[in-house]
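Colleague: Chains as they are written, first to last, in the working numbering: chain A, 1 to 250; chain B, 251 to 576; chain C, 577 to 824.
Since the hints were made in silico from the structure, they are not lab data.
Positions of the beta carbon are idealized from the N, C-alpha and C atoms, including for glycine.
Just so you know, not all the hints are guaranteed correct.
Reference excerpt, derived from the structure (chain A facing chain C, CB under 7 Å, subset only) [to be verified]:
id, residue
1, Ala-71
2, Pro-88
3, Ala-92
4, Pro-101
5, Ile-103
6, Phe-107
7, Asn-142
8, Val-143
9, Ile-210
10, Ala-223
11, Ile-224
12, Ala-227
As a list, the in silico DSS-like pairs of lysine-lysine whose alpha-carbon atoms are at most 27 Å apart [as the list claims (entries may be wrong)]:
id, chain 1, residue 1, chain 2, residue 2
13, B, Lys-497, A, Lys-37
14, B, Lys-570, A, Lys-45
15, B, Lys-327, B, Lys-520
16, B, Lys-327, A, Lys-37
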Amino acid sequence: MTGAAALALPLAKAGEVGEGFFHERSSETLPCQATDKLFCFDWAKENIGRYGTPTVQHLELVAISVLLGFAIAFAFSLLAHRRPWLRPPLLAGTGILYTIPSIAFFFLLLPITGRGRETAIIALSAYTLQIIYRNTMIGLANVPTAVKDAARGMGLTERQILWKVELPLATPEIVAGLRIATVSTVAIATLAVFAGGGGLGTQIYGQGNINFATSIIIAGGIAILMALAFDAVLLITQRLTTPWRRGAQA
Amino acid sequence: MRTTTRGARAAVAVLLALVLSLGVAACGSSNDESTGEEEGAGAIVSNPENGKVTLTIGSKNFPEQEILGEIYAQALKAAGYKVKSDLNLGSETVAHQAVKSGATSGYPEYASTALTSFFGIEPEEVPAGAQPAYEKAKAEFEKEGLTAFPPTPFASANAVGTLKKTAEERELKTVSDLEGQSEEMTLYGSPECRQRIDCLAGLEKYYGLKFKSFTPVDIGLRYTVLEKGQADLSILFTTDPQLAAEKDKFVILEDDKHVFPAGNVIFVTKSSVAEKAGPDYEKTIVEVQKGLTLPVMQELDARVELEKQSPAKAAAAYLKEAGYTG
Amino acid sequence: MSLPLLPALAGRLFTVPPSASFGGAVEFIFTPQTSNVTGGKTVGGLSQVVELTLTQLEVTVLALALSLAVALPIGLYLGHRGKGEFLAIGIGNAGRAVPELALIALMATAIGVGVLNLTVALAVLGVPPILTNAYVGVRQVDRSSVDAARGMGMSELEILRKVEVPLAIPTIFSGIRGATIAIVATATIAPLAGVLTLGDFIINQNVYGDDGVVAGAMLVAFLALALEFSLAGLQRLLTSKGLKVSTA
């Protein structure tokens with residue numbers, strides 16, 4: 001209980017708005033955004049600022065989720081690398097998390113972890129696990145035995161072989177997996193609005209935006225651009241780490 | 251030597267002047283919101299004691315609710331509280347659970363919705379006046395460890411709406427006029443409308459209406475489905491700006507059997523939260539909503555739903571024009 | 577950004593005990609419940625579950641058929657001719673980047689809610705994975721096999737049908753499975769636009785209660801996995817024996 005602290009001053013008069021507060025509206029004078037036009041340029045120009053915070057939130061969600069997912073999936077791969085018996089269950093487990101539509105995951109987590117960014121991050125990371133894990137395993141499997149034998153012959157320990165030979169050679173495959181995971185995460189992160197996690201979904205679903213095509217297009221457009229930007233950056237990374245390999249990787 | 255003493259004295263004088271002016275500025279800044287002629291006329295004053303309390307303000311999932319949530323959140327912030335807003339929680343049961351579980355500090359609810367949806371009161375037993383309805387709801391909330399703050403001036407109710415030309419073709423003025431015709435008409439409403447007595451359940455029970463189909467859609471699409479011709483009837487709100495701005499397009503049917511009671515907004519919060527937050531919690535909310543008459547709320551709704559302003563912006567404009575914030 | 581993220585994450589896991597349970601969810605699936613949130617109306621039960629499942633299955637199958645009809649021919653053709661690599665690969669990336677929520681919302685606002693509109697929107701999501709994988713699958717077929725077939729006098733269409741497609745089956749199916757997952761996931765949020773699929777149980781906790789949410793999630797997961805298995809089985813059927821040995 002608070003002590004007898006100074007109260008906010010009692011308000012002298014109940015709030016009354018001036019005459020100019022009210023605007024006349026009629027069907028003829030409705031602005032573009034009140035109609036069902038597909039895109040309102042004027043409104044977009046004036047209001048582009050409101051997409052700033054959601055975009056930043058979205059970026060944070062994606063970055064943290066992918067990093068977290070990568071950390072976990074990578075740990076899984078290291079575990080499964082030397083223990084083949086772990087591979088089927090890990091693949092199946094991450095596969096189930098991938099196949100379950102993320103919206104189900106979001107709503108399942110809500111009663112357990114509450115509303116907020118953390119819940120969204122957990123769900124988003126879970127979705128990335130399979131693709132990163134699988135690609136890492138494929139990358140490691142693709143390392144030629146001859147190279148490993150040579151390394152062994154040179155006297156490297158198993159651990160050194162892993163970190164100095166196998167993983168570097170597996171990097172392009174790993175990055176390819178990261179690419180797919182990141183692009184998918186950007187798209188799915190729009191659902192974070194259901195878990196109270198912010199992001200661009202707030203400009204698609206809340207605040208009366210669901211019937212406002214302009215906002216949906218802008219928010220969706222920003223998401224797509226963000227995904228493609230991430231993809232481009234990672235693609236360049238992938239190409240840079242494989243100077244010896246060219247050609248389209250699906 | 252002389253210049254040093256003179257310099258020193260000058261320095262002290264300057265320092266003193268600085269300190270004095272800082273002091274005046276500090277005293278002034280605690281009252282810097284008041285721009286009116288009378289000191290502190292209408293303005294919310296920040297109370298540093300409140301800074302120890304963090305409040306999470308929630309709302310339900312449609313624009314009018316988000317505006318209210320923003321108004322309360324911004325007002326409480328001006329009063330010195332640490333405020334987080336977690337609007338768009340969902341429908342009334344979700345918001346109710348959020349308050350009970352402590353995930354949210356409080357949210358604005360309509361007294362009629364609380365009485366009919368939470369406490370199972372039949373529409374005819376919902377008190378007609380704002381104050382009696384508020385008191386009844388408050389008494390019921392207290393049984394759950396929640397409390398409610400006094401009501402807003404404006405009230406809102408559900409309504410059965412349709413395109414004006416549909417109403418003219420079928421000669422519909424009241425909901426009862428739907429008798430005999432409703433079987434061939436589709437009704438669209440929010441998902442929880444199915445079980446709410448001031449919605450589909452009430453239409454079936456009290457008006458005895460059966461519809462060709464009921465399709466649940468998000469509240470934000472209630473006018474879209476009418477415009478696109480998918481819905482013959484849609485559940486609208488009496489405070490909707492579209493009804494005023496596009497009255498040549500949309501019309502609501504009169505609720506002649508009083509199944510859709512109007513509800514003033516009462517802020518629902520946990521009693522323990524209210525105690526910890528101190529008297530400014532209720533005071534600020536009660537004061538800041540005094541300006542929310544029906545025309546004002548409709549104007550704010552219009553800004554968000556028609557002009558697509560963000561609820562935060564509309565709320566800020568209201569608080570400023572009503573003199574609550576600088 | 578909040579620094580203590582991991583402790584916060586861990587802490588969240590133990591804040592609110594779920595008021596639902598698997599037992600409750602299973603009950604929800606099979607017997608109509610008088611949930612306390614619905615004020616007396618019954619929800620759940622096998623018939624409602626079946627109805628929603630069928631709706632979701634219906635839109636998924638229809639959308640998949642539509643995407644196949646559009647994407648498969650184009651992808652196979654481009655792959656066979658070796659043209660349009662940028663488009664074929666690019667569309668796969670772009671497709672993955674489309675947020676399903678925006679697609680559903682835009683559809684509801686621009687075209688209107690309904691099963692037909694939803695099917696078209698879902699098909700839009702299904703086209704990119706199928707197109708890209710059809711293209712890549714055919715491109716990756718060993719050139720010498722194609723040349724041999726051409727040398728044997730096969731027409732272009734015959735080469736495609738008898739040589740390239742059978743060899744590309746694994747990749748093509750990988751695309752079809754990807755499309756199916758994307759379509760099922762988006763069909764799950766269709767209730768926002770008035771088409772009642774299993775997602776209705778999940779999104780509308782206010783109607784179905786916590787048991788409903790868990791039940792919905794279980795059912796959706798089950799449906800997705802069932803489709804995944806069926807497609808895997810179909811793939812195995814269609815993959816020629818020679819391939820099966822090499823693509824263990």
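Colleague: If a hint holds in the structure, say so; if it does not, say that too.
Modeller: We went through each hint and held it up to the structure:
Residue-level restraint check for Ala-71 of chain A is violated (minimum Cβ-Cβ distance to chain C is 10 Å; threshold 7 Å). Given hint, Pro-88 of chain A at the interface with chain C, is violated; its Cβ is 13 Å from that chain's nearest Cβ, farther than 7 Å. For Ala-92 of chain A, the interface hint is violated, the least distance from its beta-carbon to any beta-carbon of chain C being 10 Å, above 7 Å. Against a cut-off of 7 Å between C-beta atoms, the interface hint on Pro-101 of chain A holds, since the closest Cβ of chain C lies about 4 Å away.
Look at Ile-103 of chain A: its Cβ gets to within about 5 Å of chain C, closer than 7 Å, so that hint holds up. The closest approach between the C-beta of Phe-107 of chain A and any C-beta of chain C is roughly 5 Å, which is under the 7 Å cut-off, so the hint is satisfied. For Asn-142 of chain A, the suggested interface contact is broken, since its CB lies about 14 Å from the closest CB of chain C, more than 7 Å. Taking 7 Å as the C-beta cut-off, the interface hint given for Val-143 of chain A is violated, the closest approach to chain C being about 18 Å.
Taken as an interface hint, Ile-210 of chain A checks out: its beta carbon lies about 5 Å from the nearest beta carbon of chain C, inside 7 Å. Restraint check, Ala-223 of chain A versus chain C: the minimum CB separation of about 5 Å is within 7 Å; hint holds. Nearest Cβ of chain C to the Cβ of Ile-224 of chain A: about 5 Å, under the 7 Å cut. The hint holds. Interface restraint check for Ala-227 of chain A: the shortest CB-CB distance to chain C comes to about 3 Å, inside 7 Å, so the restraint holds.
Proposed proximity of Lys-497 of chain B and Lys-37 of chain A is supported: the alpha carbons are some 19 Å apart, at most 27 Å. At most 27 Å may separate the alpha-carbon atoms for a hinted pair to count; Lys-570 of chain B and Lys-45 of chain A meet this at roughly 25 Å. For the proposed pair Lys-327 of chain B and Lys-520 of chain B, the alpha carbon gap of about 19 Å is at most 27 Å, so the pair holds. Between Lys-327 of chain B and Lys-37 of chain A the CA atoms are separated by roughly 37 Å; this puts the pair beyond 27 Å, and the hint is violated.
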